[in-house]
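Peer 1: Mind docking chain B on chain A? Use the hints.
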Amino acid sequence: MYAGHLGFGLGAYSFRKSVPLWLLLIAAQLPDWLDAGYCIADIDRGPYGLYTHGFTPIAIAAVVTALFTYALIRDAKGALIVALVVASHWGLDYFTGIKPTWPGGPVVGMNLYARPIVDVVMESATILVGWLLYRRTLPKSVRNHGWTYATLFALCALQVLAGAAFALSLGGHTKC
Amino acid sequence: MPIHLLKGAELGVALLAPVVITLFFHWRTLVAARRDTQGQEQVR
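If you read the sequences in order, they're chains A and B. The first sequence runs 1 to 176 under our numbering. The second sequence runs 1 to 44 under our numbering.
So here's chain A without its partners, still in its complex pose (with noise of 0.2 Å):
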């Protein structure tokens, strides 16, 4: 999943404005930041991303975040939110691709990157329910605004772009 991971952090600022939006966007997208350092270090990600996207490293990744988060705002409730978005990575990710779950143990997943229209559907669908959620946090004089708005067409696009860049690029794609 790419955009659909920022709706779901829109829609996790809705439940506690204490924390920041961007760390939320991070958070959502915080494994795949993994592989990006993985990649740029030159380490082995694992058989299907299993040392940046199996269980145990994101459930490493939910604990440290929410200590960061806790650091930062003093706010437990706000603190597990954003655990819970960090693990939530892997459920998206599971309609999407192929996703390792621990070592020696089965590889799942619904991968509609091979279906891109619907992959397009389902992400979008996400961003929608997740955006309509962060509007709701909005005050009531910009919830129609032309920003607001831009918000949710701008993820939308930029999911429409990638899916179409990654279906023109499917057999070949590797992320390092």
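There may be inaccurate statements among the hints.
[Claimed, not checked] Ranges of calculated distance between the beta carbons of each label pair, as one might list FRET restraints:
1. A:T56 x B:Q40: 49 to 57 Å
2. A:L72 x B:V20: 45 to 53 Å
3. A:Y94 x B:Q42: 46 to 54 Å
It is worth saying that the hints were derived from the structure and are not from the lab. From the three backbone atoms N, C-alpha and C, an ideal C-beta is built for every residue, glycine too.
Peer 2: Relative to chain A, chain B alone:
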């Protein structure tokens, strides 16, 4: 430049783009809300 650096940087940019865009629009929305509040106070 080694290919793993390029791939990592490419992934980083792809991840950062939606975050930056979302935060920019969020900031512009909050600015619009503040202007609206200030406008209402001036009318009063």
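Peer 1: All hints, please: hold or fail.
Peer 2: Here is how each hint holds up against the structure:
1. In this structure, T56 (chain A) and Q40 (chain B) meet the distance hint of 49 to 57 Å, their C-beta atoms being roughly 53 Å apart.
2. A hinted range of 45 to 53 Å for the beta carbons of L72 (chain A) and V20 (chain B) is inconsistent with their spacing of about 20 Å.
3. In this structure the supplied range 46 to 54 Å holds for Y94 (chain A) paired with Q42 (chain B), their Cβ-Cβ distance being about 52 Å.
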